[in-house]
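So that you can map any letter, position 221 of the sequence shown is 221 in UniProt numbering, and since no number is skipped, the others follow by simple counting.
Hints were generated in silico from the structure; no laboratory data involved.
Don't take each hint at face value.
[Stated by the list, open to error] Mimicking EDC-like on lysine to aspartate or glutamate, the simulated pairs with C-alpha atoms at most 20 Å apart in a straight line are:
#  : residue 1 : residue 2
1  : K289      : E48
2  : K302      : E48
3  : K204      : E167
4  : K30       : E130
5  : K289      : E173
6  : K302      : E87
7  : K289      : E174
8  : K289      : E199
9  : K302      : D19
10 : K289      : E106
11 : K30       : E199
12 : K253      : E199
13 : K30       : D81
14 : K302      : D273
15 : K302      : E8
16 : K204      : E106
These numbers were taken from a predicted model, which means no experiment stands behind them.
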Amino acid sequence: MRAVQITEFGGPGVLNVVDVPEPEAGDGQKLYDVSTAGVNFADTHQIENSYLAAQQLPLIPGAEFVGTPVGGGQRVVGLLDGGGYAERVAANDRLTWAVPDAVSDEQALSLVLQGTTAWHLLRTSAHLAEGETVVVIAGAGGVGSLAVQLARRWGAGRVIATASSPEKRALAEELGAHATVDPALADDDPKQFTGALREANGGKPVDIVLEMTGGNVFSGSLSALAPFGRLVTYGMAARQETPSVPPGMLMQKSRAVLGFWLAHCMARPDMLDAAMTDLLAMTADGSLKPVAGGRYPLSNVKDAHQDLLARRTTGKLVLDPRR
Numbered sequence: 001m002r003a004v005q006i007t008e009f010g011g012p013g014v015l016n017v018v019d020v021p022e023p024e025a026g027d028g029q030k031l032y033d034v035s036t037a038g039v040n041f042a043d044t045h046q047i048e049n050s051y052l053a054a055q056q057l058p059l060i061p062g063a064e065f066v067g068t069p070v071g072g073g074q075r076v077v078g079l080l081d082g083g084g085y086a087e088r089v090a091a092n093d094r095l096t097w098a099v100p101d102a103v104s105d106e107q108a109l110s111l112v113l114q115g116t117t118a119w120h121l122l123r124t125s126a127h128l129a130e131g132e133t134v135v136v137i138a139g140a141g142g143v144g145s146l147a148v149q150l151a152r153r154w155g156a157g158r159v160i161a162t163a164s165s166p167e168k169r170a171l172a173e174e175l176g177a178h179a180t181v182d183p184a185l186a187d188d189d190p191k192q193f194t195g196a197l198r199e200a201n202g203g204k205p206v207d208i209v210l211e212m213t214g215g216n217v218f219s220g221s222l223s224a225l226a227p228f229g230r231l232v233t234y235g236m237a238a239r240q241e242t243p244s245v246p247p248g249m250l251m252q253k254s255r256a257v258l259g260f261w262l263a264h265c266m267a268r269p270d271m272l273d274a275a276m277t278d279l280l281a282m283t284a285d286g287s288l289k290p291v292a293g294g295r296y297p298l299s300n301v302k303d304a305h306q307d308l309l310a311r312r313t314t315g316k317l318v319l320d321p322r323r
């Protein structure tokens, strides 16, 4: 079967489409013909071997797919521990969910990793309370575009999104953000970014920040928090070390810094079931609108990664393994 495989770590140039043996289903697994594979920012870390878990070569990237069981059956969306950039995958029964007819492949893939991340960032980690101000870093991205909508739906008093271009800031506002901020303000001085976030909140500090960049964006976001504010970090897009956080800085304002990694939910499938049941129902009835970011042939996987790294994309990127 055709699959994307890497035999060395690096940038998009290490991604190659090759013929590999088909996977074999283990206990509690089924084989699926993949109709669409999802692309995530974490995949760019995986192929560099710069992510949270060390990678082993050779590897087939990809943590999510939509497909049907080999031989026919119900269309499902599923999570994988790798191997998704391929024509066939073996998936665990507890990590697949039936896709309603009203939900497209692209929408389903927006939900299974990015949507469940947004859901748990707000519900499980930040414990969003009605009326609180939420800052969503990268509010036009895969996780961010859903987090903006969920924060509004769940009673946030004000939602502020960051986005790197006027077009992305306009999209975040269309999705429900009350105000937007250019994250480039953090490039030279995190204090300038702190000021912009507070200005967007009427001069007041903010309650929650969902942060996936690191570096100055992390520092500026932390300083923008109100007493009892929570910063939830779930990514390292800037490829910069996040500054250390002195305990006194947290105590002085009763602030909290939390980390989130969806892999821990994969070990507790009930946590994913709760999120997916909610997200699929909202998408099917039209109250949640995942943003499609582009469909690429499997043969153009390098372009997908380059576009993602260059911040040329919004919403969810997917691969078509049949092309």
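Sort out which numbered hints this structure fails and list those numbers smallest first.
Hints 1, 3, 4, 8, 11, 14 and 16 contradicted; others consistent.
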